[in-house]
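A.B. asks: In order, the protein sequence lines correspond to chains A and B.
With our numbering applied, the first sequence corresponds to residues -12 to 176, in that order.
With our numbering applied, the second sequence corresponds to residues -12 to 176, in that order.
Simulated from the structure, these hints should not be mistaken for lab results.
Errors might be hidden in some of the hints.
Which copy? The list can't say, so a pair holds if one copy fits it or any two copies do.
[Stated by the list, open to error] Derived BS3-like pairs (lysine-lysine); straight-line CA-CA distance at most 30 Å: (1) 48 x 23; (2) 109 x 20; (3) 10 x 174; (4) 20 x 48; (5) 48 x 127; (6) 23 x 173; (7) 173 x 127.
Chain residues, written in single-letter form:
Protein chains: 2
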Amino acid sequence: MDQLLAHIQQYISLSGEEITILKRTLSTTTFDKNHKLLEAGEVCHFNYFVCKGCLRMYFFKENGTEHTTQFAIENWWLSDYLSYLTQLKSPFSIETLEPSEVIALSPDTSDLLATEIPQLSKYFALITQRAYAAAQMRIKFLQEFSGEELFNHFTSHFPEFLQRVPQYMMASYLGFSPEYYSRLRKKTP
Amino acid sequence: MDQLLAHIQQYISLSGEEITILKRTLSTTTFDKNHKLLEAGEVCHFNYFVCKGCLRMYFFKENGTEHTTQFAIENWWLSDYLSYLTQLKSPFSIETLEPSEVIALSPDTSDLLATEIPQLSKYFALITQRAYAAAQMRIKFLQEFSGEELFNHFTSHFPEFLQRVPQYMMASYLGFSPEYYSRLRKKTP
DNA sequence: TTGCAATCTTGAACCAGATCAATTTCCAGC
DNA sequence: GCTGGAAATTGATCTGGTTCAAGATTGCAA
Chain A
-12 MDQLLAHIQQ YISLSGEEIT ILKRTLSTTT FDKNHKLLEA GEVCHFNYFV CKGCLRMYFF
48 KENGTEHTTQ FAIENWWLSD YLSYLTQLKS PFSIETLEPS EVIALSPDTS DLLATEIPQL
108 SKYFALITQR AYAAAQMRIK FLQEFSGEEL FNHFTSHFPE FLQRVPQYMM ASYLGFSPEY
168 YSRLRKKTP
Chain B
-12 MDQLLAHIQQ YISLSGEEIT ILKRTLSTTT FDKNHKLLEA GEVCHFNYFV CKGCLRMYFF
48 KENGTEHTTQ FAIENWWLSD YLSYLTQLKS PFSIETLEPS EVIALSPDTS DLLATEIPQL
108 SKYFALITQR AYAAAQMRIK FLQEFSGEEL FNHFTSHFPE FLQRVPQYMM ASYLGFSPEY
168 YSRLRKKTP
């Protein structure tokens, strides 16, 4: 919970009263490893803030192969935004990869908080802008880099991730097969 | 200009006075075909709204090949959000593909308008959310579909685009070579 | 501690899509 | 209405990455 308050206060300042409102309105939930927060075919009712742990969002192709589209660790928000906004069914699943502590925010609660704490809209706007900017860069990387380049880029920029995430998930996140991932790993130890 | 006002009023309602403020503050600019609105290496100072025409955002790999990351037609906003937010240099270029009429919005003007027309923050927030949602779906499609599937999906969902955009740009947008695009096209006429 | 299931590795055959090179078609500007 | 350059097609060849199948490792549940 303090995790989120600290994160918010990186962008806007909160009065004592506002902090009280937030603490009263929001609550953290603890989940085991491999707990499903969203199952493909359901509506994505929440935007999840990770206080502690690690989540991922993924989907299945018709042929049954699984593809991870996003990871989220401490201080990241994660949700299927299209489903979250429209309340239509999501093609994605979201699950914990570690025992995790998250805050689940619904659109209603979000609106409520934004009216009680006007500043908060600015925080949410910033978060969404940053998420969009990150998505733009991810699209660029996927187009720009070969598998090997993606692998090298990722291992050098986010080494901490590799410890926390199974290789076959990393492989599907970067857009190639587990076998090829293993070969790249061998290549540059 | 009315194009933007209409677009805004799909999401929020504006008073006559607010419309006046908008008309006074914003202006449309007309550009020839192939006009560069942003050159790679510069800061992206504006978020562009397309009243009429067509823009694209693209970048170059070291090997010199060009990759289109986004198109924008009427009623779409386009910018390199990371550069726009941080005012750091952008790796992208933005150019018109047709004679176009656009509204260029700077972060300062955006803030100014948001204080004069509080409702407008909601509009901008919605636009960004939708853009983020679209980017999430784009990433999903790029992971989910083979070249041929992407091609079929795109031609069936956005046939109007194909008329307006050169094939080699479509090819790089979908993530493959112009030659392969041509072969796919032949395959399914 | 053991046993089983999930994950990771390795090899060999294969293929979607790239690259290179040679025409052909399409236009924008004179 | 030419004409030169950009865009599109087509064929031949090549390769990054997949797929399939068979072990080797790991890790966790009982």
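A.B. asks: Now tell me if each hint is right for this structure.
C.D. replies: Now for the hints, and whether the structure bears them out:
For a Cα distance limit of 30 Å, the shortest separation of residue 48 from residue 23 inside one copy, 18 Å, qualifies, whereas the shortest one across copies, 39 Å, does not. Taking CA atoms no more than 30 Å apart as the test, residue 109 paired with residue 20 passes in neither setting, with 33 Å inside one copy and 37 Å between copies. In this assembly of identical chains, residue 10 and residue 174 lie within 30 Å of each other by CA distance neither inside one copy nor across copies; the values are 49 Å within and 60 Å between. In this homomeric assembly, residue 20 and residue 48 come within 30 Å of each other (Cα to Cα) only inside a single copy, at 24 Å, whereas the closest approach across copies is 40 Å.
Both within a single protomer and between protomers do residue 48 and residue 127 lie at most 30 Å apart by alpha-carbon distance, with minima of 23 Å and 10 Å respectively. Neither within a single protomer nor between protomers do residue 23 and residue 173 lie at most 30 Å apart by alpha-carbon distance, with minima of 32 Å and 44 Å respectively. Proximity of residue 173 and residue 127 under a CA criterion of 30 Å is satisfied in both settings, with 26 Å inside one chain copy and 28 Å between copies.
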